[in-house]
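So the sequence lines, in the order shown, correspond to chains W and L.
For the first sequence, my numbering begins at 60 and goes up steadily by one.
For the second sequence, my numbering begins at 108 and goes up steadily by one.
In case anyone wonders, no lab produced these hints; they're calculated from the structure.
Incorrect hints may appear among the rest.
Facing chain W, from chain L, some residues (calculated, C-beta under 10 Å) [to be verified]:
| no. | residue |
| --- | --- |
| 1 | H301 |
| 2 | P315 |
| 3 | T381 |
| 4 | A420 |
| 5 | R423 |
| 6 | R435 |
| 7 | A457 |
| 8 | M460 |
| 9 | A465 |
| 10 | N470 |
| 11 | F489 |
| 12 | S496 |
| 13 | Q538 |
| 14 | A539 |
If you want a taste of the chain W side facing chain L, the calculated C-beta under 7 Å gives, among others [claimed, not checked]:
| no. | residue |
| --- | --- |
| 15 | S63 |
| 16 | P84 |
| 17 | A87 |
| 18 | Q89 |
| 19 | M90 |
| 20 | S91 |
| 21 | V109 |
| 22 | V113 |
| 23 | G115 |
| 24 | P130 |
| 25 | A136 |
| 26 | K143 |
Straight line, CA to CA, 27 Å or less: simulated DSS-like cross-link-like pairs of lysine-lysine [said to hold, decoys possible]:
| no. | chain 1 | residue 1 | chain 2 | residue 2 |
| --- | --- | --- | --- | --- |
| 27 | L | K122 | L | K367 |
| 28 | L | K120 | L | K132 |
| 29 | L | K494 | L | K227 |
| 30 | L | K344 | W | K110 |
| 31 | L | K174 | L | K136 |
| 32 | W | K143 | L | K174 |
| 33 | L | K174 | L | K122 |
| 34 | W | K151 | L | K174 |
| 35 | L | K120 | L | K174 |
Glycine included, each C-beta is placed from N, C-alpha and C at the ideal position.
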Amino acid sequence: MSVSRDEVLRIAQLAEFDVDEDSLPEIAEQMSRILDYVAQLSAIPTNGTVKTFVPGPDAIRFRPDEVAPSPLMFGPAHFAPAFKEGFFVVPKLGQFE
Amino acid sequence: MSDARAVADRLVKAKRLNALLTPAKDLRKSLLAQAAAARTTGVLYGMPVAVKDNICTLEFTTSCGSKILEGYQSPYEATAITKLKAAGALIAGKTNCDEFAMGSSTEHSAYGRVLHPLDKTRVPGGSSGGSAALVAAGAVPAALGSDTGGSVRQPAAFCGVVGMKPTYGRVSRYGLVAFGSSLDQIGVLGRSVHDAARVLSVISGRDPRDSTCEDRDPLRLPNVPESLQGFVIGLPKEYFPAELDPAVRRACDRAIRLMKELGAAVREVSLPHTPYAVPTYYVIAPAEASSNLARYDGVRYGPRFDGHQDLHALYRTTRGQGFGPEVRRRILVGTYVLSAGYYDAYYRRAQQMRALIAQDFRNAFDRGVDLLFTPTVPSPAFKAGEKLSDPIAMYMSDIFTVTANLAGLPAMSLPIGRVKGLPIGGQLIGQAFLEDEMIEAAYALERVVPATDEA
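Use the sequences and the hints to build the structure in full.
The structure is reproduced here in structure tokens:
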């Protein structure tokens with residue numbers, strides 16, 4: 060199986076990042092190799108009945124619903140790229156047709 | 108208590124390794140302030156502990172070895188850091204690592220590669236390569252790392268130090284920048300089993316801020332045993348393949364003989380799904396990474412890269428320029444395996460395989476084995492650049508370590524010999540939440556194994 064140039068662009072769009080033209084062939088080649096490599100998983104019989112496994116506590120524990128002091132030592136004005144009057148400042152969303 | 112100035116001097120002296128990201132001036136200033144405020148009654152009073160740059164600290168910036176978080180000052184600190192400080196330890200700067208902990212050589216850092224302390228043409232392993240190199244160079248007795256697929260144990264093996272990954276849920280992940288949330292654990296690198304174990308004991312235990320952290324008391328350290336009488340050590344045959352580096356095999360054989368001489372019973376076991384561990388890992392870890400790294404978009408934190416006309420262009424330029432090639436590769440693979448039409452073929456299949464791998468371990472432990480012993484890595488430290496153009500070859504470096512993360516088990520690496528001067532690590536894998544047994548065996552083995560002798 061091999062990943063095409065167009066597929067890389069589609070996946071990059073889903074992942075929200077730009078891929079430059081020059082690096083496309085290399086990315087497509089490496090993604091293909093990685094996906095070919097992990098595809099060996101489909102060769103083994105798991106007959107669909109195997110339960111999936113995630114480590115950790117069996118049940119979600121909830122904290123008491125109490126007001127607690129903020130764990131942040133300072134607010135977003137100190138670490139956001141653009142922050143004004145309590146809002147994160149972003150460019151316009153784009154043109155809608 | 109060591110003098111804060113001397114601590115800073117030792118760290119600055121190791122500068123040539125490029126293992127420390129904190130500037131010398133900031134480090135000196137902070138260490139002096141921390142030493143003046145340190146709790147004198149704490150069990151780690153005065154002990155400098157360097158911290159991997161993907162663990163949030165208030166003292167220093169947290170960049171995760173990435174341009175996308177360059178200069179980021181976290182407004183909160185990890186629970187592990189709070190616990191270290193409460194025990195009187197000094198946070199001794201932030202260590203270089205593969206970007207977002209994705210890598211096995213610390214060559215994938217936006218801040219340059221880390222040099223192996225014994226041979227600068229080689230890699231220190233990764234992704235916690237900066238932490239391993241600093242401990243190996245004698246700059247600090249211990250350092251925190253994170254282990255998602257071997258990122259504490261593999262660099263520990265390459266650098267000739269001890270590296271411990273606790274059971275999933277033993278140490279709070281609050282403040283550890285998430286990569287693969289079901290695999291990540293904070294771990295410890297130390298110059299001896301005891302140095303690593305005492306730091307691990309301090310950072311372990313319940314934390315209401317992490318719902319995946321188990322509601323358990325901190326780890327209690329075992330005594331140093333006289334022998335290994337009563338221990339049954341399993342040798343999984345899949346971890347000793349015919350193509351294993353002969354020097355690694357010799358070092359393992361010697362360690363196994365020494366454990367027998369100490370009274371341990373040794374028997375061969377089989378973990379039949381081991382060959383599928385790396386492909387399973389390289390579906391699950393990128394899938395989780397692609398979700399976790401969606402938050403870096405140039406809006407809420409980190410730098411924003413120019414050239415955007417609208418919001419989506421802002422995301423795309425910031426993420427396109429902010430992430431390095433390996434992180435981009437993993438996000439793409441992760442997005443692919445989670446995308447419509449591929450989810451069942453890749454992700455669900457990998458989750459099922461993960462269950463079978465975990466079951467392999469349970470079967471071995473159910474048959475009376477207490478611990479497993481394996482090589483940590485199939486070979487000693489490789490040359491810088493050797494595996495950079497071949498991601499699969501790089502991923503194979505994790506072949507013996509990813510299984511413990513997939514199964515959520517505690518595991519550690521300790522030095523068991525050298526080949527042509529390069530350290531070799533042996534790995535102990537324990538049962539969930541029985542780190543004390545693993546550490547007990549490591550104490551015994553450490554006392555007898557000629558860790559710096561040629562194997």
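Right, here's what the structure says about each hint:
1. Because the closest C-beta pair between H301/L and chain W is about 27 Å apart, greater than 10 Å, the hint is violated.
2. Because the beta carbon of P315/L sits about 5 Å from the nearest beta carbon in chain W, less than 10 Å, this interface hint is met.
3. Given hint, T381/L at the interface with chain W, is violated; its Cβ is 12 Å from that chain's nearest Cβ, farther than 10 Å.
4. Nearest Cβ of chain W to the Cβ of A420/L: about 8 Å, under the 10 Å cut. The hint holds.
5. Interface hint at R423/L: satisfied, since its Cβ lies 5 Å from the closest Cβ of chain W, which is below the 10 Å cut-off.
6. With a cut of 10 Å, the hint placing R435/L at the interface with chain W holds, because the nearest CB-to-CB distance is about 7 Å.
7. Interface hint at A457/L: satisfied, since its Cβ lies 6 Å from the closest Cβ of chain W, which is below the 10 Å cut-off.
8. Below 10 Å, beta-carbon pairs count as interface contacts, and M460/L has one with chain W at about 6 Å; its hint therefore holds.
9. Residue-level restraint check for A465/L holds (minimum Cβ-Cβ distance to chain W is 5 Å; threshold 10 Å).
10. Taking 10 Å as the C-beta cut-off, the interface hint given for N470/L is violated, the closest approach to chain W being about 14 Å.
11. Below 10 Å, beta-carbon pairs count as interface contacts, and F489/L has none with chain W, the closest being about 19 Å; its hint is therefore violated.
12. Hint status for S496/L relative to chain W: holds, with the closest Cβ pair at about 9 Å, below 10 Å.
13. For the restraint placing Q538/L at the interface with chain W, the shortest Cβ-Cβ distance is roughly 13 Å, beyond the 10 Å limit, so the hint is violated.
14. The interface hint given for A539/L is met, as the beta carbon of that residue sits about 8 Å from the closest beta carbon of chain W, less than 10 Å.
15. At a threshold of 7 Å, the smallest CB-CB gap from S63/W to chain L is about 12 Å, leaving the interface hint violated.
16. Annotation: interface hint on P84/W violated; nearest CB of chain L at approximately 14 Å, more than 7 Å.
17. Interface hint status for A87/W: violated, as the beta-carbon distance to the closest one in chain L is roughly 10 Å, over 7 Å.
18. A least Cβ separation of about 6 Å between Q89/W and chain L falls short of the 7 Å threshold, and the interface hint therefore holds.
19. Taking 7 Å as the C-beta cut-off, the interface hint given for M90/W holds, the closest approach to chain L being about 6 Å.
20. A distance limit of 7 Å between C-beta atoms decides the matter here; for S91/W the minimum to chain L is near 10 Å, and the interface restraint is violated.
21. Proximity of V109/W to chain L holds as hinted, the smallest CB-CB distance being about 4 Å (cut-off 7 Å).
22. A distance limit of 7 Å between C-beta atoms decides the matter here; for V113/W the minimum to chain L is near 5 Å, and the interface restraint holds.
23. Residue-level restraint check for G115/W holds (minimum Cβ-Cβ distance to chain L is 4 Å; threshold 7 Å).
24. At its closest, the beta carbon of P130/W sits 5 Å from a beta carbon of chain L; the interface hint therefore holds under the 7 Å criterion.
25. The restraint placing A136/W at the interface with chain L is violated, with a minimum CB-CB distance near 10 Å, outside the 7 Å limit.
26. The beta carbon of K143/W comes no nearer than 13 Å to any beta carbon in chain L, farther than 7 Å, and the hint placing it at the interface is violated.
27. The hinted pair formed by K122/L and K367/L fails the criterion: a straight-line CA distance of about 42 Å is larger than 27 Å.
28. Between K120/L and K132/L the alpha-carbon distance is near 13 Å, which keeps this suggested pair within the 27 Å criterion.
29. In summary, the hint linking K494/L to K227/L is supported, as the alpha carbons are separated by about 16 Å, within the 27 Å threshold.
30. At most 27 Å may separate the alpha-carbon atoms for a hinted pair to count; K344/L and K110/W meet this at roughly 26 Å.
31. Note on K174/L and K136/L: the hinted pairing holds, with a Cα-Cα distance of about 25 Å set against a maximum of 27 Å.
32. A hinted pair counts as satisfied when its Cα atoms are at most 27 Å apart, and K143/W with K174/L qualifies at roughly 24 Å.
33. Note on K174/L and K122/L: the hinted pairing holds, with a Cα-Cα distance of about 21 Å set against a maximum of 27 Å.
34. Distance restraint check for K151/W and K174/L: the Cα-Cα separation of roughly 25 Å lies within the 27 Å cut-off, and the hinted pair is therefore satisfied.
35. Using a Cα cut-off of 27 Å, the hinted pair K120/L and K174/L holds, with the two alpha carbons roughly 26 Å apart.
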